[in-house]
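S.K.: Chain by chain, the residues run as shown.
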Amino acid sequence: MKKLLLILAMILLLVFSALTVGAQEINILMEAVPDTTYVQELIPDFEEKTGIEVNVEVINYAEMHEKLIPQLISQEGAYDVIVVDNYWVGEFTTADWIIDLEPYIDKSDKINTDVYIDSMFNMVGQVNGTTYMLPFYNYAMALVYRTDILDEMNLQIPTKLTDYVELCNSVTEQTEYYGVVMQGLRPDPIAMEWLNYLYSMGGDFYDEDGNIIINNDKAVKALELYVENINNNAPDGATGFGFDQAFSVIANGKAFSYITYNWMLPKLNNEEESEVAGKVDIAQMPGGHSLNGGWGWAIPKSSPDKEAAWEFIEWVESFDVAKERALMGGSPTRNDVFNDEEVLENYPHYTEVKTILQGARPIPIMEDSTELIEVLGRELSLAANKDKTPQEALNTVAEHMKDLK
Amino acid sequence: MNNNIIKLKYKLIIPALILLFAVILFPLAYSLFISFFDYTLVHPTFEDFLFLENYLKAFQDTYFWNSVFVTLIFTIGVVLLEFIIGFILAYYLNKDVKYKNVFFSILIIPMLMTPVAVGLIWRMILHPQQGILNYLLGLVGIPAFAWLGNKYLALPTVMLVDIWHQVPFMMLLMLAGLVSLPKRPYEAAKIDGASRLQMFRYITLPLMKPTIIVAVLIRTIIAFRTYDLVYIMTKGGPGVRTDILSYYIYKRAFAFMDIGFASALSYILLLFVGFVSIFFIRATLSQD
Numbered sequence: 004m005k006k007l008l009l010i011l012a013m014i015l016l017l018v019f020s021a022l023t024v025g026a027q028e029i030n031i032l033m034e035a036v037p038d039t040t041y042v043q044e045l046i047p048d049f050e051e052k053t054g055i056e057v058n059v060e061v062i063n064y065a066e067m068h069e070k071l072i073p074q075l076i077s078q079e080g081a082y083d084v085i086v087v088d089n090y091w092v093g094e095f096t097t098a099d100w101i102i103d104l105e106p107y108i109d110k111s112d113k114i115n116t117d118v119y120i121d122s123m124f125n126m127v128g129q130v131n132g133t134t135y136m137l138p139f140y141n142y143a144m145a146l147v148y149r150t151d152i153l154d155e156m157n158l159q160i161p162t163k164l165t166d167y168v169e170l171c172n173s174v175t176e177q178t179e180y181y182g183v184v185m186q187g188l189r190p191d192p193i194a195m196e197w198l199n200y201l202y203s204m205g206g207d208f209y210d211e212d213g214n215i216i217i218n219n220d221k222a223v224k225a226l227e228l229y230v231e232n233i234n235n236n237a238p239d240g241a242t243g244f245g246f247d248q249a250f251s252v253i254a255n256g257k258a259f260s261y262i263t264y265n266w267m268l269p270k271l272n273n274e275e276e277s278e279v280a281g282k283v284d285i286a287q288m289p290g291g292h293s294l295n296g297g298w299g300w301a302i303p304k305s306s307p308d309k310e311a312a313w314e315f316i317e318w319v320e321s322f323d324v325a326k327e328r329a330l331m332g333g334s335p336t337r338n339d340v341f342n343d344e345e346v347l348e349n350y351p352h353y354t355e356v357k358t359i360l361q362g363a364r365p366i367p368i369m370e371d372s373t374e375l376i377e378v379l380g381r382e383l384s385l386a387a388n389k390d391k392t393p394q395e396a397l398n399t400v401a402e403h404m405k406d407l408k
Numbered sequence: 005m006n007n008n009i010i011k012l013k014y015k016l017i018i019p020a021l022i023l024l025f026a027v028i029l030f031p032l033a034y035s036l037f038i039s040f041f042d043y044t045l046v047h048p049t050f051e052d053f054l055f056l057e058n059y060l061k062a063f064q065d066t067y068f069w070n071s072v073f074v075t076l077i078f079t080i081g082v083v084l085l086e087f088i089i090g091f092i093l094a095y096y097l098n099k100d101v102k103y104k105n106v107f108f109s110i111l112i113i114p115m116l117m118t119p120v121a122v123g124l125i126w127r128m129i130l131h132p133q134q135g136i137l138n139y140l141l142g143l144v145g146i147p148a149f150a151w152l153g154n155k156y157l158a159l160p161t162v163m164l165v166d167i168w169h170q171v172p173f174m175m176l177l178m179l180a181g182l183v184s185l186p187k188r189p190y191e192a193a194k195i196d197g198a199s200r201l202q203m204f205r206y207i208t209l210p211l212m213k214p215t216i217i218v219a220v221l222i223r224t225i226i227a228f229r230t231y232d233l234v235y236i237m238t239k240g241g242p243g244v245r246t247d248i249l250s251y252y253i254y255k256r257a258f259a260f261m262d263i264g265f266a267s268a269l270s271y272i273l274l275l276f277v278g279f280v281s282i283f284f285i286r287a288t289l290s291q292d
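Protein chains in written order, with my numbering: chain A, 4 to 408; chain B, 5 to 292.
All the given hints hold, so there is nothing to weed out.
Straight-line Cα separation of at most 25 Å, DSS-like style, residue types lysine-lysine; simulated pairs:
#1 A:Lys326 to A:Lys113
#2 A:Lys270 to A:Lys357
#3 A:Lys391 to B:Lys61
#4 B:Lys194 to B:Lys99
#5 A:Lys405 to B:Lys61
#6 A:Lys408 to B:Lys61
#7 A:Lys257 to A:Lys282
#8 B:Lys187 to B:Lys104
#9 A:Lys113 to A:Lys52
Residues of chain B placed beyond 10 Å of chain A at every Cβ, according to the derived structure:
#10 Tyr14
#11 Phe108
#12 Lys187
#13 Pro210
#14 Thr288
For the record, the hints were derived by calculation from the structure and aren't laboratory data.
Glycine included, every Cβ here is placed at the ideal spot set by N, Cα and C.
With the rest of the complex left out, here is chain A:
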């Protein structure tokens, strides 16, 4: 009998130790972008500190949404932590797929949401006053341009959109370069690019009272300017360019300007990837409002281990790790990282990026935002190819928006 008890006790002990010491692990789904790489490089520190093993699954953006949905719908999904694109915020929160982080933040001594730049926190942080995410990195768009061409022509980057298109006209006419390279591919490339025109022209999707104003005079003017630029000043075929094709044109030194993500500047200044290294700089969108974009860390409702998930987020968004990521080339979201001397020494253009971020605006956070971008992209493409007039195209978008939530 004694022997039996002893064996039982040993088995129990074994089981308990397996439960407590047994490798705790979390799974994260992330996009294949530089900022993900920086996180991956730092993860060994976290694993050493906490003993929690982190598996990062890296895939392309195009597959992410489809891969996430089944995991988010199920009772217990495969991912403990996810990153949420600002596109999806409305959908994920309305569908109740990600949890309220406030109880965790209240308990934490490391996380304070006041440090984030307002435009970031309002986009991939809080929704209607509840904090669902912590801003991970930004991909606000901005104007990237060739300093050498501008100097040669003895001109400056204008502050109004109409003047910018004029400038592109002059460059195309007077030099051997294209005034601009553009990305007219449906749906995201063209929609994202045009939104810079829309916001800088003073237009928007809705006015303050929630009325649809996507087809008002300002929006139509913004689209007319876009159509003019893509047909007169961009390379032939830009109406079919995605991001990679447009990038190769400016990296090969054939275009004067490109409206793109601010984190493209280091890439264009890298001699291995670009022939124009040292000749490009970044500026706020003429008109002052570019399209904001960003990702936030979130814990899905279906997360198998929410405590460990929070422990990871707490670590990755702490000042030290956020600064470390910025030093590696990551795109910050925190004021204190933007103001850090060491960071600024390495990346002087971050002063400009901070200004860009402060003026940047996101696409509206709504449940049907992917549908909105799809319809917008289609209509913009029809206008860019002159199959519809700008007014007709935007009227169709406005009509469709009535059905969106």
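Let chain A serve as the given structure and place chain B on it in line with the hints.
M.R.: Here is chain B on its own, set in the frame of chain A:
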């Protein structure tokens, strides 16, 4: 026959029937069911019964009709050209040409690639400024074209890439047919003094008819559902010039999240393909 054996026969096919039901019939029936509801990925419930409303919505949608139009042009164009080119290639490969195996191996390569890789490779080849095609054309003085960006060129360009990719398939089927043709009728024709063209017209073509019908049918069904090339190369643009039906349905399902409507569209496509198949199968049967 013994009653027990008959019973046993049915018992034995039960596993196969269950499998067929699970992987074919059930999904088909389920998607038909979904197509009667306002079922979206964000609200996956069967609360709003719409009956045929999704179908009516499709027929009232101008972009749906545009997609039908694009799909028809695409299918008819690629199947016809693939058939003609595939037949010609097979015809010559069936003769005694030098280095036949080398030609054959080279011609078969495109078929071994996945459509996504084909799309990505061609996107690079067709880049208006950095692509090799415009560069080569430039060497002989032909101006550069914006293959995928020009609204008149985009659809023909996608069709050409599809033809490049799918001709080997057609060629293989045709070659299989040609190899198995009997020799006797040709010998007889030769004795009667028939010309080559006459032999082709009155012997080869009639004997090849069943093979041709099957090959064209298979290619038509696959061409109707083309999706990958458009997804990789044009995303339906410029404007809606390459907005092929399968891609249109995909967007309805996964961008608009409207699974109910997308299911209805899929059923319309299924019926369409079904009718075409019946037409071809009838043609084959009448020949017998």
